Each structure stands twice: as C-alpha cells, then as structure tokens.
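Trainee: For the protein sequence lines, the chains are A and B, in the order given.
Position one of the first sequence corresponds to residue 1 (UniProt numbering), numbered consecutively onward.
Position one of the second sequence corresponds to residue 1 (UniProt numbering), numbered consecutively onward.
If you're looking for bench data, these hints aren't it; they were derived computationally from the structure.
No experiment lies behind these values; they were computed from the predicted model shown.
Heads up, a few of these hints could be off.
Stated by the list, open to error - In silico lysine to aspartate or glutamate, EDC-like type, Cα no more than 20 Å apart, as pairs:
| # | chain 1 | residue 1 | chain 2 | residue 2 |
| --- | --- | --- | --- | --- |
| 1 | A | 172 | B | 703 |
| 2 | B | 695 | A | 209 |
| 3 | B | 695 | A | 234 |
| 4 | A | 167 | B | 702 |
| 5 | B | 830 | A | 227 |
| 6 | B | 599 | B | 787 |
| 7 | B | 695 | A | 180 |
| 8 | B | 599 | B | 754 |
| 9 | A | 172 | B | 702 |
| 10 | A | 167 | B | 787 |
| 11 | B | 695 | A | 222 |
To be verified - These stretches of chain B come out as covered by chain A in the derived footprint (C-beta under 8 Å, 3 or more residues):
| # | segment |
| --- | --- |
| 12 | 758–764 |
| 13 | 767–779 |
| 14 | 833–843 |
Said to hold, decoys possible - What follows is a list of derived Cβ distance ranges for each label pair:
| # | chain 1 | residue 1 | chain 2 | residue 2 | range |
| --- | --- | --- | --- | --- | --- |
| 15 | B | 780 | A | 65 | 53 to 61 Å |
| 16 | B | 856 | A | 234 | 30 to 38 Å |
| 17 | B | 15 | A | 195 | 36 to 44 Å |
| 18 | B | 876 | A | 15 | 41 to 49 Å |
| 19 | B | 780 | A | 15 | 36 to 44 Å |
| 20 | B | 892 | A | 230 | 23 to 31 Å |
| 21 | B | 615 | A | 195 | 23 to 31 Å |
| 22 | A | 195 | B | 876 | 32 to 40 Å |
| 23 | A | 204 | B | 856 | 36 to 44 Å |
For glycine and all other residues, C-beta sits at the position ideal for the given N, C-alpha and C.
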Amino acid sequence: MSRPQSRIGIKLHQHVIEVKSKFEAEYRRFALKRNSHGGFQEFYHLLQSLHLIPGVEVLLGYADIHGDLLPINNDDNFHKAVSSANPLLRIIITKKEDEPEVFGTNSLQRRKKGLGLTGLRTATIGSTHSRHKPSLLIGQPQDFRQISSIIDVDILPESHRRVRLHKHGTHKPLGFYIRDGVSVRVTPQGVEKVPGVFISRLVRGGLAETTGLLGVNDEILEVNGIDVVGKSLDQVTDMMVANSHNLIVTVKPSNQRNNVTHRVTKSSGSVGSAGSSGSARDSPSPAAQSNPITASNSIAEGDSEDEEDDCDLIMENDSLLTHQVINSNLRDSHDLRPLPQSISLPNSMAASMISNHNGNSEESLREDGNIISL
Amino acid sequence: MKRFRRHGHETQRDRLKQELYQFNKTVEHGFPHQPSALGYSPSLQLLAIGTRSGAIKLYGAPGVEFMGLHDENAAVTQVHFMPHQVELVTLLDDNSLHMWTLRGHKGLSELLEIGRFTLTGPPGAPPSVTRVTSVLAHSSGELLLLGTEGGHVFIVEVPGFRELEERNISLDQVANSVPEDYIGRRNLEHVESLQENPVNPNQVVLGYGRGLMVIWDLEKQCAMQHIPATQQLESVWWTEDGEYIISSHSDGSYCRWMVGGEDMNDDEEKSDIPYGHFPCKAISKIVQLPTEGGPPFLLFSGGMPRASYGDRHCITVIHGKTHVALDFTSRIIDFFAIRDGPQFSEDPSALVVLVEEELVVIDLQTEGWPVIQTPYLIPLHSSAITCSHHISAIPLKLWERIIAAGAMQYTHYSKKPWPITGGQNLAPDPPQRDLLLTGHEDGIVNFWDASGVCLYPMYKLSTAGVFHTDSDLNDNMNQGTEGEWPPFRKVGCFDPYSDDPRLGIQKIHLCKYSGYLTVAGTAGQILVLELNDEAAEQTVEAKVVDLLQGQEGFRWKGHTRLDVREEPVLFPAGFQPFALVQCQPPAVVTALTLHSEWKLVAFGTSHGFGLYDYQQRNNVLIKCTLNPTDQVALEGPLSRVKSIKKSLRQSFRRIRRSRVSLRKHHVNNAAKLHEANARLEAELAEMELAPVQRKIEARSSDDSFTGLVRTLYFADTFLTDSSHNTPSLWAGTNGGCVFAYMLRLPPAEHRAEEPVTAHQAKEIQLMHRAPVVGIVVLDGHGAPLPEPLEVAHDLARSPDMHGSHHLLVISEEQFKVFTLPKVSAKMKLKLTAIDGSRVRRVGVAWFGSSRTEDYGESGLVVLTNQGDLHIVSLPHIKMQVHYPCIRREDVSGIASCVFTKYGQGFYLISPSEFERFSLSTRYLVEPRCLVDAPRQSFNQHRPPSFGASSPQRSTSESEDAEVLQEIQKSLEGEQTSFLENNVKNAVA
C-alpha cells in the first residue's frame with residue numbers, strides 16, 4: 001500500500017517535497033518541508049497566495065500514486081497527500097463553481113472499477129450508484145449520506161467483518177432479527193461448541209438488507225466493540241437497540257467467500273464506504289477521518305459523533321417570565337391542542353437533524369443537542 | 001510520572017470504595033416458602049422449620065434467627081433436636097440424614113452442618129429396606145433410632161453417625177416375638193412411629209403401619225408387649241406418666257392402651273372416633289398433655305368427617321368440656337405444644353401450629369384460646385403483595401402514633417408474651433426507625449417495623465371501605481353458626497382471595513414529617529389520607545380526572561372505575577382518607593408522588609399525568625401523554641388478549657385465502673398445487689417451530705405505551721432562570737420524554753383560596769427513547785435535593801441554591817446529567833450500550849464510611865434486569881461497584897425490589913419472604929445472636945471463646961435455666977412423622 005512508498009520518499013528526499021500546483025492554465029512549483037508543514041488551512045492559504053487568487057473559493061485535488069485524482073479538503077487527506085508525494089506532489093486547483101468538470105466522472109469511474117475488482121458488493125452505496133450513466137454528475141462525497149461501511153479491515157481477522165450501520169434520521173428500519181444458536185470455536189483443547197448469537201432474518205427493504213453486508217446466519221461477535229460472549233439473547237438485543245443510532249456489529253459471515261482480503265503487494269482501493277481510498281495502516285484513511293469511530297478506542301466509550309447522533313430534543317419555555325403574553329398564547333395553544341409535541345416530534349426532530357448537518361450557526365445550536373426555544 | 005500519580009489516586013478511590021460499600025444478604029423476613037417440617041427443642045426454646053427447597057431455619061426469641069441450607073436440593077421431611085443438646089438432625093427427601101449444630105464463634109452462634117449419613121442396607125437389598133420413615137432422637141442424646149419402610153429399626157450413634165449393627169431391631173426379631181395368631185401371613189408394613197417411654201428411656205414403642213405396636217426393651221433387646229390395633233396406624237403418643245399409649249388411625253379413630261398390662265387382648269381401654277358416624281379422615285397426629293389438677297389436653301390434627309368437611313385443615317383441642325376444632329387456612333404441616341414451668345413439664349401454655357402458609361400460636365391458658373401475635377414468620381402474602389415502599393428514619397412522633405393506631409387493631413390477640421424465648425439477641429439496637437409499607441391485592445396497606453431483624457406488623461390500613469365491593473355481603477358467612485358440629489373456629493390470616501382486583505394497591509407514598517399518605521390502585525384510584533388518632537365518620541368525595549383530554553375515537557375496554565360510597569363511612573383511628581381522585585380511563589396508576597409542603601399529589605397512568613391540590617381539593621394540571629396511534633394503551637389490559645385472538649384469526653384467514661386462490665389458479669396443475677401446499681405447510685411449521693428471535697429496531701415514537709408515565713418528581717429548582725428557584729413538577733414517560741412544569745403556589749396565607757397554577761416549561765425527548773425511570777435534581781454541591789419538610793425539621797442540610805443545579809435523568813439505558821435552567825447535556829453514563837443490562841429499579845442512597853464517622857457520599861443504587869446491583873456515584877455518575885444479587889430469571893424478585901435511603905434494600909424471594917440486603921458498610925441489619933448450650937453438653941465441650949465474650953448478665957441467667965433443665969424430663973418425643981410422607985393416606 002502507500003506505506004512503502006512513503007518510506008522511499010523519506011529516504012530520497014529527506015525533508016523536502018516537491019509541489020507542482022496547477023490552477024486553470026497556470027503552474028506553480030515550490031518546495032514544502034515534509035515535517036514543518038501545517039494543516040490543510042495553511043496549505044490552502046499558501047496556494048491562494050501563490051496563485052494570486054485570494055478570496056476565490058477553490059477545491060484542491062492531488063494525483064495519488066495510481067493516478068487517481070483525490071480531493072484535499074481537510075488535514076488528514078492533506079497529510080496523506082504529503083506523505084504519498086513521490087517525490088512530486090501534484091496539486092490541481094479548481095474553482096468551486098466548475099467543480100464537477102474537473103472532479104468529474106473520470107477519477108470516480110476508475111475508483112468504481114476498483115471497487116468491483118476487490119470483489120466487494122457494490123450495493124454498499126445503494127442502487128443509485130450503479131444506475132447512473134457516465135455523463136451523470138457525481139456530487140461531493142459529503143453530498144451522499146453514508147448508510148453503512150466496513151471498518152477496521154486492517155485489524156480484524158479475514159473471516160470477520162465489522163459493519164457499521166448509520167441510522168441517521170431515516171425512517172428506514174434497521175430491519176433484522178437475531179436468535180440463539182451454536183457456534184463452533186477452535187480452541188487449544190480442540191473444537192468446541194459454544195452458544196452464540198446469529199442473525200435469523202433480514203427484513204425486506206430494511207437497512208441491514210439493503211447494505212448487503214449482513215446475512216442470515218451470520219454470527220454476531222461484537223456490538224460496538226463489546227464482545228457478546230456470555231451474554232443472553234435479550235442482553236444482545238438490548239445492546240443493539242441501545243446503540244441503534246450508530247450500530248457497529250462485528251460478524252462472522254456465514255458466507256465466507258466475499259471476505260475482504262489483505263493485499264499487501266497490490267494496492268487495494270477503497271474497501272467500503274464512498275469516501276474511503278485505501279486502508280493504510282498507520283496513516284488514517286479518509287474513511288477513518290470522516291468517521292472518527294474506527295475501532296477499538298472509540299467504540300467503547302461514546303465519541304464526539306456519537307454524541308452528535310445522540311442528541312436529545314429539548315424544548316424550553318425560557319421566556320416564560322419575561323414575555324408573559326406570548327407565553328400565555330403558547331400555553332393556550334397547548335391547552336387547545338392537547339398533543340402538539342408528541343405529534344410534531346418526528347418532524348421537528350428531522351428538521352433539527354438537518355439543521356445540525358448543515359452547520360447552521362443559530363444560537364440555539366449546541367454541540368450536544370438541539371435546543372429549540374419556544 | 002503523571003501516570004503513576006493517577007494510579008495512586010485510583011487506589012485511594014478503591015480504598016474509599018471499600019470503606020463505603022460492601023454487599024451482604026443479611027436476613028430473610030416473612031414466612032418461608034413451602035415449609036415441610038417442624039421441630040422444637042424445649043430445652044433450647046428454639047423452633048426449627050425445614051422447607052421443600054432444603055433450607056433449615058431456627059427461631060427463638062425475637063431477633064434470634066439462624067438459617068442453613070442443605071447442599072442437596074431435596075425437601076426437608078423431618079427435623080429433630082437432640083434432647084438437651086444444641087444439635088439437630090434433619091431427614092431429607094433423598095433419605096439422607098444431616099447433623100447440624102449451633103457453634104459459638106466470636107461470641108455469636110452459627111448454624112453449621114457437622115455431619116451427614118445415609119443408611120446402607122445389606123448388598124442386594126431393595127432400597128425400601130433402608131428408606132427412613134420415622135426418626136427417634138433418644139433422650140440419652142447419643143442414639144438415633146431410624147424406622148424404615150422395610151420395617152426394620154436401625155440404631156445409630158450420634159453425633160458420629162456410627163451404625164450399631166448389633167442393636168438393630170430387625171423385622172424378623174419383632175415378627176418372631178409376636179403371637180402367630182395375630183401376625184398371620186400379614187406384612188407389618190413400614191415403621192410409622194417410634195416413641196420413647198417418658199419414664200423409662202430403655203423402652204420404646206415401635207408402631208407399624210399395619211397397626212401393630214410393639215414395646216421394645218433396648219437393653220434386653222426383646223419385645224415386652226404387643227398392642228394389636230387393627231386399623232392403619234397414623235401416630236403414637238406415650239403419655240407422660242408412661243402408663244398409656246395413644247394411637248391414632250387412618251379411619252379417624254384414636255385408641256388408648258394400657259402399658260404393662262398382662263393380658264394383651266384387654267388392653268384396649270378406649271377407642272373413639274371423635275367426629276364419627278360417617279366415614280372420617282385420618283387423625284395424622286395425636287398428643288395428650290396432662291394439667292396439674294385438671295383434665296388433660298387432647299390435641300389432634302385431622303379426623304374430620306370425610307364427606308362434609310374433608311377439605312378443612314383442622315386441629316382439635318379438647319380440654320375438659322371445651323372442644324374446639326381450629327380451622328386453619330392451609331394444610332397443616334405439624335404442630336407441638338409448649339409447656340409451662342422451669343422443666344417444661346407443667347401445664348401446656350401454647351399450641352404452635354405450622355401450616356403451609358403461616359405459623360399460628362394459640363394461647364391455651366387464656367379464656368377463649370386467643371391467638372398470640374407472632375413477632376416473626378408473618379405471612380407477608382396474606383394477600384398477594386403488589387407493591388412496597390420503604391421510609392427510613394421515621395420521626396418518633398409519627399412512629400408512636402402509628403403504633404397506637406395499630407394497637408387498637410390488634411385487640412383480639414392474646415396479651416401473653418411470645419412463648420418461644422431461646423437464645424439472646426446480641427444485635428445492637430437499630431440505628432433508626434424504618435418503616436416498610438406493602439400494598440396488597442385486596443386494597444390493604446401493611447405497615448411493618450423494618451428497623452431490625454424482625455419484620456414486625458405495626459398497623460394495617462384497608463382502603464376497600466371507601467368503595468362498594470362485592471365482599472361486603474360475604475363477611476357474614478364467615479361467622480361460625482352456633483351449635484355447629486364440629487365446633488369450628490377460624491384461625492390465621494392467610495387469605496389470598498381478593499374479591500375485587502381493582503382494589504389492588506400499586507403505588508404508595510408517605511411523608512414521614514406530616515403524616516400524609518397517598519396510595520394509588522389498579523383502577524386509577526388515588527387516595528390521600530391523613531393520620532387521625534381517633535375514629536371519624538366522613539364522606540370521601542371523588543374527583544374524576546379525564547386524562548384523555550378530549551382525545552376521541554378510542555374506547556377503553558378494561559375494567560370500570562370503582563364505585564365510591566356516597567354515604568359517610570366510619571374510619572377507625574389511623575390513616576383516614578379525605579380525598580379521592582379517580583382517573584378516567586381507570587387504568588392502573590404507574591407513578592405517584594406527594595409533596596406535603598406544597599400539599600400537592602402528582603399521579604400518572606398509561607394515558608397521562610395529573611396534579612392534584614389536596615388542600616383545595618381540585619386539579620391543577622392534567623396532561624395527556626398518549627400517542628394517538630397507541631391503540632394498546634387506549635383500550636386497556638383486556639384488549640391485548642383480544643388482539644392475540646384477532647391476529648390468530650387473521651393469520652388463519654390468510655392461510656385459507658391463499659389456499660383458495662391457489663386452487664383457483666392452478667386447479668388443473670395438481671403437481672403445482674401439491675408443491676404450493678407443501679410450501680404452505682412448511683411455512684406453517686416454521687411459524688410454529690420458529691426459534692426465539694428478537695427484532696433489532698430503534699425505538700420509535702409509534703411504539704406502544706410510550707405515553708405511560710413512569711416517574712414523577714417534585715423539585716424546588718431553577719427552571720427558567722438562574723436567579724429564581726421555583727417549585728416544579730417533572731414527569732418521565734416510557735417513550736423517553738421528560739416534561740417539566742413550573743408551579744406557582746400562592747403565598748402561605750392565601751394558600752387555601754388562590755389557585756395553584758402550573759405552566760409547561762420544558763420538554764426533553766431523549767434520543768434513545770428508553771423509558772425514563774428516575775428524575776433527580778442535584779443542588780450546587782451535586783447533592784440530591786432533600787425531601788419536602790426535611791429541611792424544616794432540621795434533618796437535612798438546606799440545599800445549595802447558589803451554584804447551578806443539575807438535572808439527572810435516569811432512563812432504562814443511560815444516566816444523563818443536564819444543566820439547569822438552560823437544559824443541555826453535560827455528561828452521561830451508558831449502561832445498556834455497554835453490557836446489555838437495563839435499569840429496573842433505582843434509588844438515591846447515602847453511604848457512610850466505615851472508617852471515618854463524618855465522611856459519606858450520596859450515590860445511586862441501581863438494580864438491572866440482569867439482577868445485578870450497581871452503585872453509581874453522584875454527581876459525576878461513575879460506576880463504583882457492582883454485585884450480582886438476584887437471578888436474572890427471577891423477574892418478580894427484581895420487580896419487587898425497594899431501596900432504603902441508607903443503602904439497604906428488600907426484594908421478594910418468594911411470595912411470602914423478603915430478602916434484606918445491604919450495600920453499605922455502616923448500615924447493616926443482620927441477626928447477631930447467641931444460643932447457650934444446655935448444661936449437660938456445656939460442661940463437656942465448652943468452646944474456648946464462649947465464656948469470655950458472652951455478656952455476664954445473660955450467662956448467669958442462662959445458668960439458672962440450665963440447672964433446671966438438667967433435671968427435667970423433656971418432651972422430645974413430640975416430633976413424630978407428619979402427614980407428608982404418609983404412605984397410607986393415599987391407600988385409605
């Protein structure tokens with residue numbers, strides 16, 4: 001994968017990388033210290049000043065070692081880009097308006113092919129992906145809503161699969177059932193039969209079925225990083241329901257033919273989610289950086305995104321004392337319609353979710369929940 | 001370095017945890033489930049009860065309790081104390097014998113098993129040869145006589161359980177000594193009874209099932225006399241003077257035989273069938289006790305006329321002209337009499353009867369033979385327990401008033417002190433007065449003194465009087481009609497039959513400072529009661545509250561509202577109802593709280609919640625929490641049954657329809673039809689044989705019962721701005737929703753006229769939608785707010801109103817702290833997401849350190865659906881410790897758990913028993929008692945630590961008793977076999 005190359009880079013060029021950036025028809029060449037560089041923002045401003053385009057909204061892309069055009073839009077993929085410079089780092093700058101032309105189908109097409117080659121089910125991204133024609137515009141990764149991903153391929157045994165289901169604000173059911181069963185384990189004492197928990201049924205049209213990553217008779221090994229050994233079916237059920245907004249299940253698929261295999265020599269493209277490219281071992285992959293939950297450390301205790309998902313809906317009647325009139329009206333409306341909250345809950349919640357995702361900077365928005373002032 | 005320091009900090013916290021928390025199951029309160037054997041030691045003054053689950057429990061003076069458990073899970077069929085010793089022998093269902101002793105250890109006695117033994121017969125003999133049917137603990141204290149099913153009597157030396165083979169009494173030896181003409185070809189059957197001659201310990205009577213009794217001389221090893229009874233033998237009693245043997249039989253007769261008479265055939269002095277003429281049931285046990293200068297007491301169980309009263313559980317007591325058939329509430333396990341005098345050989349003073357559901361003690365020396373109130377072994381389940389509520393540290397004034405009210409109710413009990421007085425209770429006096437309230441299915445609330453080891457009844461409140469019920473007419477039927485034969489008298493309080501399940505008590509809340517009590521029941525009734533020291537006649541006015549608030553299109557299909565008496569009702573002294581709220585629909589009340597300072601009661605059902613002002617007697621607030629799509633909650637409990645039926649019907653219809661349609665389309669294609677049918681059948685089979693599976697789905701607002709109100713909480717806190725605290729009401733629902741209302745109370749001088757108002761201030765919808773089971777407001781110091789009136793009574797520090805308050809919301813899955821007044825999440829602790837368990841019960845408790853007197857912490861005590869107890873620190877909500885407590889399968893045990901404010905708790909281990917546990921190192925209520933060995937064995941095996949640590953006063957007292965005990969002739973032979981292992985009953 002990318003690691004050997006980056007090593008070579010270090011060897012040959014010690015501390016400096018060559019950067020060639022292109023904006024429309026202009027090129028700039030400059031050197032960048034490998035270690036002293038700052039974050040993405042700094043780099044972005046540097047490019048803006050070099051190309052004399054301060055204030056112009058641009059998108060950055062770089063050509064990786066396979067010739068794919070990959071975006072640079074945060075610290076992580078910037079570092080990735082820097083580390084993969086061999087020795088040259090090619091930067092392509094596009095204006096935000098004409099973004100689709102440059103960030104177009106070409107590179108994404110290639111990546112899609114790559115996906116196919118790895119033997120992964122394309123259903124990951126859903127049916128919309130496969131249906132579109134080459135000419136169709138593809139939006140930015142952030143325009144898609146990720147519904148599932150395979151994660152931690154690098155740290156799990158090949159026979160296991162860690163699947164993350166994103167419930168988000170959708171009304172689509174998770175849609176699967178679990179049952180008790182008998183699992184066969186190989187132990188130093190020989191083969192042993194132990195009780196296990198298995199997927200017993202997938203609901204048609206449910207999230208679990210549409211991702212294609214879970215199947216009937218898959219054995220459930222972990223729920224959000226916690227081993228289910230010794231836990232009853234009801235306990236596992238409760239754990240899954242409690243984590244349903246951000247469910248990560250590690251399964252041992254009953255069908256072992258579609259496993260993701262580690263390819264050390266050949267660089268595998270993405271292993272799962274739409275935004276990922278490469279599953280580097282020590283440098284965080286884009287998949288990882290867009291979802292801070294990767295594995296071990298973050299699963300056990302609630303992390304920031306989890307918090308975000310877990311936001312509670314809080315309605316306050318703060319100005320009760322100061323604005324008597326308004327509030328009495330409100331109260332009247334409560335009295336007239338006995339169930340305003342509970343009826344409107346799903347909608348208002350969805351609305352709040354959206355506002356949260358758009359990064360709406362209302363004063364009512366808090367990092368750990370939405371507050372709607374009445 | 002940093003790491004090291006942090007580590008050091010953790011070990012310090014660990015040490016603190018050890019000083020604060022420890023888990024102990026301390027004592028079992030109530031009546032043992034399924035008792036199966038009874039034993040009594042007059043010399044120790046201890047009572048022993050064996051149960052079907054293999055437990056053995058010893059009781060003496062109140063507070064003196066011991067418990068042991070046999071490793072085998074077999075029922076205890078017989079318990080025998082060794083005369084004049086601290087040992088006792090138990091016989092189990094699996095034919096094993098066990099020796100137990102009370103051993104002194106660090107100044108306290110412990111019940112220990114010291115030996116076990118199973119009879120081994122000759123090789124190849126059938127198991128019946130060694131199947132023990134009767135046991136006699138010989139008065140020498142060294143021998144056990146074991147009668148077996150095969151008719152042999154084995155003699156075993158104790159405590160070592162050494163078989164004395166040469167002294168065994170074989171069936172052949174007995175048969176050879178019996179005249180040919182009597183024995184004929186008939187089998188003597190099993191040994192039914194073994195009794196020792198009270199005046200000659202060398203003589204025992206062997207009673208065989210067939211009826212033959214043989215007096216055997218243990219020394220000479222020969223038969224001395226034969227008593228040829230002809231009826232199946234049930235029990236044998238040797239009178240105290242040694243002159244007569246009384247036998248009872250399966251036909252309901254008993255006979256008196258002279259001992260030592262020359263002519264055997266004329267021995268039968270008297271045969272009587274007390275309830276004769278028509279066939280009678282067996283007399284399973286008979287006892288005759290002499291009185292000084294009066295006629296003897298004759299006591300026997302059973303013997304009732306089979307056809308008319310065969311279903312009664314009776315013990316007949318005959319003394320002179322007085323003849324009473326005590327009619328018990330459940331099957332009689334066994335009984336014995338306690339006798340007066342220093343040697344326990346004088347007049348019988350009390351009759352102790354163990355029946356399946358309670359222990360009844362009858363005073364035989366007071367006119368009318370009244371019942372003596374038992375200080376322990378109370379049947380908690382006299383009507384099924386439906387809820388419980390614990391209040392710690394009751395003020396003395398309220399305590400005394402409740403006791404006074406209770407004393408007026410318990411007048412029909414004997415004034416005599418409790419007659420079983422063995423052992424000394426060395427437990428320190430309880431640190432505080434604790435009250436446990438249990439609500440029952442029949443609308444009764446029982447008040448128990450839960451301060452110490454004995455759960456003692458204090459007062460009984462009946463709420464049924466407020467309503468019209470069917471039971472009103474039945475009461476008269478229980479009165480015995482005059483001149484009835486047999487002369488029945490009902491005794492005991494076990495009465496599991498509720499006349500109206502709607503009366504059932506579901507929630508209780510008592511304010512210990514003001515004496516206001518509120519109880520809520522199954523049919524949506526909420527009563528507010530106040531303590532009145534005198535009886536009063538009053539009308540209770542009902543206020544109907546429509547929780548649906550105009551939601552239409554729904555029909556309640558559950559039970560109807562209770563019918564309130566409109567005429568004035570006379571309420572006895574004690575808690576008297578003065579206000580009644582009835583919810584509409586009359587669904588079961590699921591949450592209840594009372595604020596005595598504000599004089600408000602909040603209540604909730606599956607439809608919504610309300611706030612009632614009990615001073616002005618009107619409703620302040622009604623809030624419907626119902627999800628309009630939630631049909632199940634709307635229709636009531638009955639509809640669920642219907643819906644199952646409906647869904648079954650629908651599925652059958654669907655099958656039928658699909659069959660029909662298949663025929664239509666493929667009528668010509670037989671093969672296809674066959675295939676389709678096969679598939680259908682497979683589907684059906686799958687439906688039936690589908691393994692247990694669980695749906696994995698996020699909870700949604702459409703789930704059933706999301707509107708059910710789980711918890712209600714009053715708090716004086718900062719609800720709207722951070723400078724003014726206001727009274728508030730908080731409600732949590734099953735759907736993870738929290739409602740907060742700001743309450744405006746008129747000033748105290750206008751409290752009676754101006755209305756109380758409530759405005760909704762906040763609503764929080766927890767994203768994970770798990771049921772909200774607890775709400776607590778923490779003050780500026782992070783301490784839970786005190787109870788109402790607690791500060792006014794100087795019993796709690798007033799809360800810190802300067803710092804910011806926090807709201808702790810406890811759902812079944814998470815603990816979450818929010819800031820106030822602006823609600824935003826501050827921290828949380830996930831439970832279910834981590835280990836899959838859910839919060840079932842939660843309480844706030846204060847834990848004092850065992851090392852430093854003045855250090856303590858508040859914490860949350862949590863019981864999960866896995867039966868584990870967790871302690872969560874406040875205000876940082878960190879897991880501290882956890883202990884497994886209840887089996888996860890024991891759903892009713894988990895549901896019954898209540899916590900005290902000082903880290904103890906109670907849960908039901910059977911319908912009739914509370915297990916008490918403690919999580920605190922400082923507050924621990926457990927039996928600490930000492931039983932002195934009778935003098936005989938005292939001198940021989942004196943435990944080294946015994947004399948030094950036992951209090952001086954009691955030692956001298958007990959020594960006096962021991963001197964007297966030494967010369968006594970005891971009644972050890974009383975514990976004969978009982979009904980349970982009686983083979984012949986089935987035959988007869």
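Trainee: Evaluate each hint against the coordinates.
Mentor: Consistency of the hints with the structure:
| no. | hint | in the structure |
| --- | --- | --- |
| 1 | A/172 <-> B/703 | 15 Å, holds |
| 2 | B/695 <-> A/209 | 14 Å, holds |
| 3 | B/695 <-> A/234 | 10 Å, holds |
| 4 | A/167 <-> B/702 | 17 Å, holds |
| 5 | B/830 <-> A/227 | 16 Å, holds |
| 6 | B/599 <-> B/787 | 13 Å, holds |
| 7 | B/695 <-> A/180 | 13 Å, holds |
| 8 | B/599 <-> B/754 | 13 Å, holds |
| 9 | A/172 <-> B/702 | 14 Å, holds |
| 10 | A/167 <-> B/787 | 42 Å, violated |
| 11 | B/695 <-> A/222 | 17 Å, holds |
| 12 | 758–764 | holds (count 6) |
| 13 | 767–779 | holds (count 3) |
| 14 | 833–843 | holds (count 6) |
| 15 | B/780 <-> A/65: 53 to 61 Å | 59 Å, holds |
| 16 | B/856 <-> A/234: 30 to 38 Å | 36 Å, holds |
| 17 | B/15 <-> A/195: 36 to 44 Å | 39 Å, holds |
| 18 | B/876 <-> A/15: 41 to 49 Å | 46 Å, holds |
| 19 | B/780 <-> A/15: 36 to 44 Å | 55 Å, violated |
| 20 | B/892 <-> A/230: 23 to 31 Å | 25 Å, holds |
| 21 | B/615 <-> A/195: 23 to 31 Å | 59 Å, violated |
| 22 | A/195 <-> B/876: 32 to 40 Å | 37 Å, holds |
| 23 | A/204 <-> B/856: 36 to 44 Å | 57 Å, violated |
The structure shown violates the earlier hints numbered 10, 19, 21 and 23.
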